[in-house]
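Number of protein chains: 2
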Amino acid sequence: MSQYRTFTAADAVEYARQYGGVENPESLVESQEIGDGNLNLVFKIFDRDGNSRVIVKQALPYVRCVGESWPLTLDRARIEAEVLQIHGQYCPEYTVKILHHDPELAVMVMEDLSHLAIWRGEQVKGRDYPQASAQLGEYLAQALFHTSDFYQHPYQKKAEVIRFTNPELCDITEELFFNEPYEVHERNGYPRALEPLAASLRDDDELRLRVAALKHRFFSHAEALLHGDVHSGSIFVGDNTLKLIDAEFGYYGPIGFDVGSALGNLLINYCALPGLMAPREAADAREKRLSDVRVTWQSFADRFLTLTAEKSRDRALAWPGYGAAFLRKVWCDTLGYCGTELIRRTVGMSQVADIKTIEDEVMKVECVRQAIALGRTLILAAEHVDNIDALIARVRQNG
Amino acid sequence: MSQYRTFTAADAVEYARQYGGVENPESLVESQEIGDGNLNLVFKIFDRDGNSRVIVKQALPYVRCVGESWPLTLDRARIEAEVLQIHGQYCPEYTVKILHHDPELAVMVMEDLSHLAIWRGEQVKGRDYPQASAQLGEYLAQALFHTSDFYQHPYQKKAEVIRFTNPELCDITEELFFNEPYEVHERNGYPRALEPLAASLRDDDELRLRVAALKHRFFSHAEALLHGDVHSGSIFVGDNTLKLIDAEFGYYGPIGFDVGSALGNLLINYCALPGLMAPREAADAREKRLSDVRVTWQSFADRFLTLTAEKSRDRALAWPGYGAAFLRKVWCDTLGYCGTELIRRTVGMSQVADIKTIEDEVMKVECVRQAIALGRTLILAAEHVDNIDALIARVRQNG
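Protein chains in written order, with my numbering: chain A, 211 to 609; chain B, 211 to 609.
Among the hints, a few may not be true.
All copies of an identical chain are treated as equivalent in the list; a pair is satisfied when it fits inside any one copy or across any two copies.
[To be verified] With a straight-line cut-off of 25 Å between C-alpha atoms, the simulated DMTMM-like cross-links for lysine to aspartate or glutamate are: (1) Lys521 to Asp414; (2) Lys574 to Asp596; (3) Lys539 to Glu416; (4) Lys539 to Glu593.
Think of the hints as simulated: they come from the structure by calculation, not from any bench. Quick caveat, the model's predicted, so the values are computed rather than measured.
Chain A extracted, bound-state conformation (with noise of 0.2 Å):
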């Protein structure tokens, strides 16, 4: 039985010897770590002519960003690596392939995606990816249909939703979402500036009431099995190709979580663009960014709602209609939902790229403003924007 150590290069390499399914596993030679995110060591594993063959992720018992003294479980590495398998099951295009995983050691192996580049770098860079949002519509659904109610046996899913039980994540998820960007604290990282608004989402009762029913749902309607944390850097983009990784964050949870974080992410970047490249340029990137939020919603639902049709297993929920019934309210999550991701992403923590990247002062805070007054109105308006084109329509009218 194996027992947690934390893996040197050399281990790393070891390691994907043995289970990185290459052809000629002495091949491999030599690993460099890459993490880059705030929670794990990630090596890439190189064989003698100096190409990266597969990745061996490891968690670490803290939170790599903050130190040993945010400890946080190990067990995220047993959810991710199956969260990513069953996701996978259904979806095996667009979810990266695990090799293998120990959750003791709290590794896994996968596919070396190196030939690929994370969706929010691109999008920073205005590079354009026309069937990004096609495929991410369509893992959404086959992912998250696959694992509701609608498909899965209520004992598999009762089973399931134990085994994907994740207070730790889901914790962090619950702060920094729906506590902290409505407070007075110290982990916020709006600019200066910004803080008449910030202190009028804390005073905004309705928001706040709004804000506490998404969290509530949040916490209790374990509708499907949840990637957990869909934004632009847990993708990876190629040539006619896209990968989810880092599902660490995977639970049960409602439907419109995942679809909202989505949506919330590109429209952060929509946002942003004006800050990023010049006018011309950034208005022709934010019509791609909008086209982006409406196939990415369109090919969700139609996906979606053809899965209800064709391949419902439970007698109540496959009656005709009902699947486009329980769609409307997945769209009424979703618009929620990517308001809170709007709001945690500028307001809270959780800074991103598409905003860090900016050299303009004035102009970042605009941007940040912009996303901000999006976000709350999506969280006001969720139950009055009827359907894509009048989300599309609001986010032009925010400016």
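Following the hints, position chain B against chain A.
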């Protein structure tokens, strides 16, 4: 370690001596098996003076009323005892006291309630317990609030959801409430004369969509630790007292399910009363039953609201006004589940004494027809019946 064996009368006495907390255990000398339910052995344990002193209840590994061909998990005994212990922690006045339980033997020892009577039987006989509905509302509020996300720490809540995962008993509810009454099914128990009405439920598109949504919420909305089977046959009443028993269907589900089941059983009695007594008595009893409906909801809602204001521990959910906003959703759920209870108790398998006691066959059919019509109305109109007054008005309109 104890190993499961079916108790004899003598085993029950011996067990009661050991775990009944009676001062002179040797004074317990006799037992009588009084289980009239569908699932369990229930022994009343008497002392030398012929006084019943404690109850020993043991789950059988199959559905008693069907036989060994329908096996059923013994784990329901653990769940029942543990639900009652938790509800008893928050509402000791109105929850039967569990003195001991053993999950291996599927046995619990509990306080004797021979001085009380089952509420359903009393309603059938036209006996009034004016305090019962306020006490039932109080029980529902205390039990459900203290196991909800308002009060429970997220880690504790998630652990409790696991502990009270109850697939086999939930499966019974999922079938009997949400599937069978809306299908041609051999277990359905409606009078043959109502075949056209039953058929019209099966064909009612809007109704089937709403029932699907109610089932989906039963599957996925883990709002609080439910009793799971709050009907007037699970409630003892007496002079100024009331005690909930029989919590084996407990699990984390939508709060409105428990509240709606409670109201639904009062309304079944309301519908049955004209068949149970002379017109003037029936009219009086119906007014009392409507008052019970009103007071049950109102005392539940008032206490729940007070508890959210005074004892909410989650920072976001504690926002002033959120308790009331959530309660509006609970109200809609309550109406819907109340409707499904009316229908599953009339169309479905689980017929009740209120109806079965009616001797006149024509009258019985009329009462059942009224209950089914009311159930359908409540399911369809749940979002348009704004408050308890509107509900009472709808009931009166129904006939």
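Each hint tested on the structure:
no., hint, verdict
1, Lys521 to Asp414, "between (43 Å within a copy, 22 Å between copies)"
2, Lys574 to Asp596, "neither (31 Å within a copy, 47 Å between copies)"
3, Lys539 to Glu416, "both (20 Å within a copy, 17 Å between copies)"
4, Lys539 to Glu593, "both (9 Å within a copy, 15 Å between copies)"
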